[in-house]
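Chemist: Listed below, chain by chain, are the residues.
Protein chains: 2
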Amino acid sequence: MDTQKPYVIGVDLGGTNTVFGIVDARGQIVAEDSIKTQNYKTAEAFVEAGVACLKPLIAQVGGVEKIAGMGIGAPNGNYYTGTIEIAPNLCWAHDCIVPLADMFSKEIGVPVHLTNDANAAALGEMAYGAARGMKNFIVITLGTGVGSGIVINGQLVYGHDGFAGELGHVTMVRGEEGRKCGCGRTGCLECYCSATGVARTAREILSNTVRPSLLREKDPETIESLDVSIAAGKGDAVAQEIFDFTGKMLGEACADFAAFSSPEAFIFFGGLCKAGDLIMKPIEAAYNNHVLPIFKGKAKFLVSGLMNANAAVLGASALGWEE
Amino acid sequence: MDTQKPYVIGVDLGGTNTVFGIVDARGQIVAEDSIKTQNYKTAEAFVEAGVACLKPLIAQVGGVEKIAGMGIGAPNGNYYTGTIEIAPNLCWAHDCIVPLADMFSKEIGVPVHLTNDANAAALGEMAYGAARGMKNFIVITLGTGVGSGIVINGQLVYGHDGFAGELGHVTMVRGEEGRKCGCGRTGCLECYCSATGVARTAREILSNTVRPSLLREKDPETIESLDVSIAAGKGDAVAQEIFDFTGKMLGEACADFAAFSSPEAFIFFGGLCKAGDLIMKPIEAAYNNHVLPIFKGKAKFLVSGLMNANAAVLGASALGWEE
Numbered sequence: 001m002d003t004q005k006p007y008v009i010g011v012d013l014g015g016t017n018t019v020f021g022i023v024d025a026r027g028q029i030v031a032e033d034s035i036k037t038q039n040y041k042t043a044e045a046f047v048e049a050g051v052a053c054l055k056p057l058i059a060q061v062g063g064v065e066k067i068a069g070m071g072i073g074a075p076n077g078n079y080y081t082g083t084i085e086i087a088p089n090l091c092w093a094h095d096c097i098v099p100l101a102d103m104f105s106k107e108i109g110v111p112v113h114l115t116n117d118a119n120a121a122a123l124g125e126m127a128y129g130a131a132r133g134m135k136n137f138i139v140i141t142l143g144t145g146v147g148s149g150i151v152i153n154g155q156l157v158y159g160h161d162g163f164a165g166e167l168g169h170v171t172m173v174r175g176e177e178g179r180k181c182g183c184g185r186t187g188c189l190e191c192y193c194s195a196t197g198v199a200r201t202a203r204e205i206l207s208n209t210v211r212p213s214l215l216r217e218k219d220p221e222t223i224e225s226l227d228v229s230i231a232a233g234k235g236d237a238v239a240q241e242i243f244d245f246t247g248k249m250l251g252e253a254c255a256d257f258a259a260f261s262s263p264e265a266f267i268f269f270g271g272l273c274k275a276g277d278l279i280m281k282p283i284e285a286a287y288n289n290h291v292l293p294i295f296k297g298k299a300k301f302l303v304s305g306l307m308n309a310n311a312a313v314l315g316a317s318a319l320g321w322e323e
Numbered sequence: 001m002d003t004q005k006p007y008v009i010g011v012d013l014g015g016t017n018t019v020f021g022i023v024d025a026r027g028q029i030v031a032e033d034s035i036k037t038q039n040y041k042t043a044e045a046f047v048e049a050g051v052a053c054l055k056p057l058i059a060q061v062g063g064v065e066k067i068a069g070m071g072i073g074a075p076n077g078n079y080y081t082g083t084i085e086i087a088p089n090l091c092w093a094h095d096c097i098v099p100l101a102d103m104f105s106k107e108i109g110v111p112v113h114l115t116n117d118a119n120a121a122a123l124g125e126m127a128y129g130a131a132r133g134m135k136n137f138i139v140i141t142l143g144t145g146v147g148s149g150i151v152i153n154g155q156l157v158y159g160h161d162g163f164a165g166e167l168g169h170v171t172m173v174r175g176e177e178g179r180k181c182g183c184g185r186t187g188c189l190e191c192y193c194s195a196t197g198v199a200r201t202a203r204e205i206l207s208n209t210v211r212p213s214l215l216r217e218k219d220p221e222t223i224e225s226l227d228v229s230i231a232a233g234k235g236d237a238v239a240q241e242i243f244d245f246t247g248k249m250l251g252e253a254c255a256d257f258a259a260f261s262s263p264e265a266f267i268f269f270g271g272l273c274k275a276g277d278l279i280m281k282p283i284e285a286a287y288n289n290h291v292l293p294i295f296k297g298k299a300k301f302l303v304s305g306l307m308n309a310n311a312a313v314l315g316a317s318a319l320g321w322e323e
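As given, the protein sequences belong to chains A and B, one line each in that order. Each residue of the first sequence is one higher than the one before, counting from 1 in this note's numbering. Each residue of the second sequence is one higher than the one before, counting from 1 in this note's numbering.
Here chain A stands alone, though its shape is the one from the complex (with noise of 0.2 Å):
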């Protein structure tokens, strides 16, 4: 690290707000502020105003001769090129290819990186999170969507051309059974362990079972994951099996990991992991039950290291470390 550039900038640019953030070496986020990623109709519109909540930014940390550079986590993200790439939740993106990484590059005048959030989160855990001194993990993230990031040798794993990841994609039930996806393909992981999928499971149990839950105060079409969470942290049994189901997915996913990547251990970042054992424990059971027995009990089962702290920023900041 070049000790006369201290600070990197973070981005995290979500469908909502666009996050910065200065961040220092051990992970600290000295300075921050937002803007609405969606008022904007133009990509050099939204460079322009990203560039106006920087300037001030990098004032407070004395001046762009302190940052050694910028990681922007967005979706669609490619790294290769620097560039979001037909993004269906940006306005100014969702038709067109942005070179983004350039745009920004050329306004502030430092390198700057860009890849998807959950590789951002990868790197994320690796500089100052759970994934510390590790050179083999895979980070699973839970929101809205299933994603992933790969380390493997110390380097995150883009592939070819740049979309490698995708691990909320991979089948695990074939032919008719398999839920839709969003991805316009059946039985993806994504539609069993992310929040959606989990509030999908609770309708579907309630629906099926007469057995008496607290999730059955609500109306079931507006349960959401975090309904599941709560119920199942006050002992609730439909909660629990819910968690059970999405566990025993994830849990066999990361055994067909194992056999790709053989890593040191799976992270998992995002609302579902606040459950802690609750999901923890369902996932690690399966996963023992169900991989190759020369893999058996070597993998670790993390909790992110980055959740209490504003972690899609310093993941992306991560990136600013590179060269």
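Don't read these hints as lab results, they were simulated from the structure. Everything numeric in this text was worked out from a predicted model, so none of it was measured. Treat the hints with care, since some could be wrong.
Given that identical chains are not distinguished, each listed pair holds provided it fits within a single copy or across any two copies.
[Stated by the list, open to error] With a straight-line Cα cutoff of 27 Å, these simulated DSS-like cross-link-like pairs (lysine-lysine) come out:
hint : residue 1 : residue 2
1    : 36        : 180
2    : 296       : 180
3    : 135       : 281
4    : 298       : 180
Model the placement of chain B on the given structure of chain A, informed by the hints.
Modeler: Frame of chain A, contents of chain B only:
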């Protein structure tokens, strides 16, 4: 490459024969000999016989000072430790850990690396075969079992413990209806796409239907995958259906692998590939039908570039060039 040391030694350690070859930088085997793997009671006796077999070959190319290194491809070989660990099919290593790389290195006086057969095949493809110039590819070996060697960012994936790349043991059929696998689990890719898996598919289709087929000329219990290849080559519809089923399993598995590492190519190795398009077309079709839209049509499906040479020796020899 050290031009003073223009050769490497490649060793294909199989259940029956162990083949030693001296290989040049272009992938030509310039000298070769073999011993019977199981004629020795102890690892020490095996190494002694191997060294005796190698000495005249080394002399042929001008002595050990012409040799850059030695690579061994062996069942249950661990790259990190240079050991063979509990290899059920080797009488002198079935219940112990043999430090084979160190043992040979001490006797021959060159650096020795060791890995499993499929990883050696991947290194061979990268050094001399279909993957020359590629940084991201997966080799899938279709033999008695299904093995794999995965290359990401130009490096073989060994994982945290040295045993990564067991893609024959991802689960393709979950639950009760999965075929029983030699690994003790059910539904593994290997149960469907190994030579034994293909023969089993043949027996199932023949006994479940009365459709005419050239395969009916044989006692069902003696049908081998080669018979299926020959029948398919003659236009036999049942044989082609067996290949379509096998190809569908492999193509769908590759779709999951793409979600992991998005490789430039999948390279298939082993007897089944000799059927050419009869098996490769179904694999590619199933892949493109099943893969996440972002990956569709991007990956190449190739047959090994080493099929006509002594591929296992070449593959292992590629390890000899490593530092």
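Chemist: A separate judgement is required for each hint: does it hold in the structure or not?
Modeler: Hints, verified against the model:
When the C-alpha separation of residue 36 and residue 180 is checked against a cutoff of 27 Å, the pair qualifies neither within a copy, at 31 Å, nor between copies, at 54 Å. In this assembly of identical chains, the alpha carbons of residue 296 and residue 180 lie at most 27 Å apart only when taken from different copies (19 Å versus 32 Å within one copy). Within a single copy, residue 135 and residue 281 get their C-alpha atoms as close as 24 Å, which meets the 27 Å cut-off; across copies the closest is 37 Å, which misses it. With identical chains, the CA atoms of residue 298 and residue 180 are at most 27 Å apart between copies only, with a shortest distance of 24 Å across copies and 34 Å within one.
Taken one by one, the earlier hints fail for this structure only at number 1.
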